[in-house]
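S.K.: Sequence:
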Amino acid sequence: MGELVSRSELTKSFMNGVGGIGAGIGLLIVNAIASSPVLWVAAGVCGVIGLGMLISKSQKKAGAVMLVAGALAGIAGIASLGIGWLVVIAGLGLIGLGGYSLFKFVTNLKKRM
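When we follow this note's numbering, the leftmost residue of the sequence shown carries the number 1, and every step to the right adds one.
Treat the hints as calculated values from the structure; they're not laboratory data. Mixed in with the good hints there might be a few duds.
The list that follows gives simulated cross-link-like pairs (lysine-lysine, DSS-like), each with its CA atoms no further than 27 Å apart [what the hints assert, rightly or not]:
id: 1; residue 1: Lys104; residue 2: Lys12
id: 2; residue 1: Lys110; residue 2: Lys12
id: 3; residue 1: Lys12; residue 2: Lys111
With beta-carbon atoms standing in for the labels, derived distance ranges [stated by the list, open to error]:
id: 4; residue 1: Lys57; residue 2: Leu109; range: 51 to 59 Å
id: 5; residue 1: Val65; residue 2: Gly22; range: 20 to 28 Å
id: 6; residue 1: Leu4; residue 2: Ile29; range: 35 to 43 Å
id: 7; residue 1: Ala62; residue 2: Tyr100; range: 38 to 46 Å
id: 8; residue 1: Leu109; residue 2: Val38; range: 35 to 43 Å
Because the structure is a prediction, the values reported are computed rather than measured. Every residue, glycine too, gets a C-beta built ideally from N, C-alpha and C.
Produce the entire structure from the sequences given, and follow the hints as far as they go.
M.R.: In C-alpha cells form, the structure reads like this:
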C-alpha cells in the first residue's frame with residue numbers, strides 16, 4: 001500500500017485534470033467556430049461596439065476592452081486558417097493530459113479511503 005497523498009496534491013491533480021479537459025474542449029470548439037464566418041462576424045461586432053463605446057466618456061475602458069477582444073478574435077480567425085490541424089492536436093493533447101491527471105486524482109483518493 002502506498003503512502004497517503006497530501007490534500008494539496010489531490011487538489012492540484014483535480015484542478016489540472018478539470019482545467020486540461022475544459023481547455024482542450026474549448027480549443028476544439030474555437031477551432032470549429034474559427035472555420036466558420038461566425039467568428040468573423042463576432043469580431044466585427046465587437047470591434048464596432050468597442051469603437052462606439054470609446055466615443056463615450058464613461059465607458060472608455062470597457063470600449064477599449066471590446067475593441068481588443070474584436071481584434072483578437074479577428075487575429076484568431078486569421079491564424080486558424082492555416083494551422084487548424086495543430087489546434088486539433090493541441091486540444092486532444094490537453095484532453096489526454098487532463099484525463100491522466102483525473103486518473104491520478106482518483107487513484108490517490110482511493111488511497112486515502
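S.K.: Against this structure, judge whether each hint is valid.
M.R.: Here is what the structure says about each hint:
| no. | hint | in the structure |
| --- | --- | --- |
| 1 | Lys104 with Lys12 | 10 Å, holds |
| 2 | Lys110 with Lys12 | 16 Å, holds |
| 3 | Lys12 with Lys111 | 16 Å, holds |
| 4 | Lys57 with Leu109: 51 to 59 Å | 54 Å, holds |
| 5 | Val65 with Gly22: 20 to 28 Å | 23 Å, holds |
| 6 | Leu4 with Ile29: 35 to 43 Å | 38 Å, holds |
| 7 | Ala62 with Tyr100: 38 to 46 Å | 40 Å, holds |
| 8 | Leu109 with Val38: 35 to 43 Å | 40 Å, holds |
Violated hints for the displayed structure: none, as all numbered hints are satisfied.
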